Amino acid sequence: MIRFFSIFGTLVLALFAYATYRGTSFTSYDEIKDVPKSIRDNPGVYRSVYARYPHK
Amino acid sequence: MDGDKPATPKVQTFKCLQCGSPISLRGLLQTTRVVCSRCGTVIDISDENMRIIGRFKERPTVKPAIPLGSRGAFPDGVFEAIGFMQRFITVEGVDYRWREYLLFNPFKGFRWLSEYNGHWSYIKTVMHQPRVLHIFGDGSITFKGSVFRHFQSANAKVEFVIGEFYWRVEAGQSCLVQDYVNPPQILSMERTSNEITWSLGEYVEPQEIATAFKLTTPLPARIGVGVNQPSPLVQQGESLKGLTALFLGIAISIQLISLAMSDNALVFQRNFLFNAAATEKSLVTDLFELSGRTSNVMVCTKADVNNNWLYVSMTLINDETGTAYDFGREIDYYFGSDSDGAWTEGSQTDEAILPAVPAGRYYLRIEPDGPASTRYLVSVYRDVPQWWPFLITTGLLLVLPLAVFWRRRSFEYQRWSESDHPMAKFGSGDDE
Amino acid sequence: MFRVNCPSCGAVVDFKSAASILAVCAYCRSTLVRHDVNVEDIGKVAQLKLDGSPLGAQGRYRGIQFGVIGRIQLRFDQGIWNEWHLMLGDGRSGWLGEARGIYAVSFLAKTSGSIPAFASLKPGQNIQINGQSFVVQNVESARCIGGEGELPFQVGAGYDAPVADLVGDKNSFATIDYSETEGNAPQPPLVFTGEYMEFDDLHFSNLRQFDGW
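Protein chains in written order, with the numbering used here: chain P, 1 to 56; chain H, 1 to 432; chain Z, 1 to 213.
For the record, the hints were derived by calculation from the structure and aren't laboratory data.
Among the hints, a few may not be true.
[Said to hold, decoys possible] Simulated crosslink set (DSBU-like; lysine-lysine; CA at most 35 Å straight-line):
hint	chain 1	residue 1	chain 2	residue 2
1	H	Lys124	Z	Lys170
2	H	Lys15	H	Lys63
3	H	Lys57	Z	Lys122
[As the list claims (entries may be wrong)] Take a look, some chain H residues computed to stay more than 12 Å from chain Z by CB distance:
hint	residue
4	Phe160
5	Gln207
6	Arg270
7	Asn275
8	Ser282
9	Arg375
As the structure is a computational prediction, the values presented were derived from the model and not from experiment.
All residues carry an ideal CB built from backbone N, CA and C; glycine is no exception.
Chain P extracted, bound-state conformation (with noise of 0.2 Å):
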């Protein structure tokens, strides 16, 4: 039980240690590359290929 336990006490605190280093969120977002440099003129022009309504 003890080496279970040691086990999964440091595979949790290296997740936890590596998730603050690089942020953590429950908000669910979707990552889109290559967006366009046009879309600076002409906002309305964007729309996201995997919008979702809502995200939250």
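Please arrange chains H and Z on chain P, whose structure you already have, making use of the hints.
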């Protein structure tokens, strides 16, 4: 004395003075009384003129689990079972019965095995005097440096007896018994009118008894927790405590470091007005810099909604790489009052966190929607501290220790349930 | 060592210990009292009850060899016990009380301070002996029913032996013998102090054998 060796006493068999059935004497004349298993007559064998002393009217209702005459090997020697009795105490009108076996070795003397509810203890008379401790206020004592907690005091009566004994056994005999426990040990005091005897018992697994005496019939199954049964998980419990403390310490350190190191920098803030009547509702913000290592970004939206809602579809776009993070947030806030008083639902502020956003130059594309024109403030923070990961980590780390603690506590609760000092069901109890 | 021929039957009788003033002839059971260079036969003692007590010979107490050179047997209402007279390698004379597998070694002690009267003793009572605390364990009106071998006092056909056993810290043991406090020439009670010992710690050799054991 050195030269002559008198004839060694052999095991004697004689006929019961009352009913004539054969009685074996195994105590090699170190015992003083024997009870006939057939008729219950008590015979004094302390001199050549055997005398009938009395009779046990109660016939045995159980057979000894260890047959008289069988020998068992224990760490301190080989012993033969020569006597058996059942005693009982009465607590709040209920009788609690247990059985005792007298074991004999001509050189080492006598030992006892006691069995209650299937739990066994190996018992030896001790000469060392215990000291009474007053710390616990319940008469606990120290014995040879260890603390023994008072378990029970009661008047024990003999119910029935077979075989030999080295003291006066009589029908109806009773004596005061006081038990003190320090699992796996139990210290018992028995007091009669002219003698006080202390004995120390040690918990023995039923399997060891069966093996020691090579028993073929199974021993009675164990019920509940034995008075001096060692607590399970004691060793693991101790190591677990240390390990848990270490892990929690590390988790707290990580959290403190993260709190200290997080920039929590406000990189963008702007007020906007959503015009519900406009044809093109979307907009893009000015560019802002997200610096430092890859870390989180918090987009905070505070909208002037009162009994209303605003939906914002947001995209955080990296101006250099074209990578974007697309998400939508609903901000709603309602309030009113009813028979219970004033109430509110929702919030005017919304916080969305995006994890692991690399450094770079970014802007937000915002497309709001809603039933009415609304003012809203958008703030973007870089590298904010978070509490959820820490709380989840702590929770995960505590699952196993809490389960072990609970198991041990419920074990102790069962142990003390039949004692003079039962534990409270919830709230602080005592460990061990 | 003092050696004589039994005046009654002629057998050789040894007084191994200088402390022994009495020896029982093993063959005819005459009790011989030693008077300097000769012995007086004061009559026969009862045959000891042949019992299960296993002792017979040598052992080692705290590193010192001892030999068992005599014994008296006492009866009390729970049965009998033996007091074995020991001669130790360092010349001391001691006693080994033995009953039901429980052993206690003790030596005659000089006491300062008074010893309570036998009639006033109760189990559980606290008593000080030479500055040490003891608790009374049992109080017995025992009777000495016989002896064998060498003994450091006179034992006749039998005598009343009121005795109290006490126990102190760390297995220490004491016994108070009131047998000489009554009668023509009353003596103060005799106090013996020592300790309880485990069978294994006495390193016995030359023990009596038993059938099946």
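To see whether the hints hold, each was checked on the structure:
no., hint, in the structure
1, H:Lys124 <-> Z:Lys170, "17 Å, holds"
2, H:Lys15 <-> H:Lys63, "21 Å, holds"
3, H:Lys57 <-> Z:Lys122, "33 Å, holds"
4, Phe160, "21 Å, holds"
5, Gln207, "26 Å, holds"
6, Arg270, "85 Å, holds"
7, Asn275, "95 Å, holds"
8, Ser282, "91 Å, holds"
9, Arg375, "87 Å, holds"
Taken one by one, the earlier hints all hold for this structure without exception.
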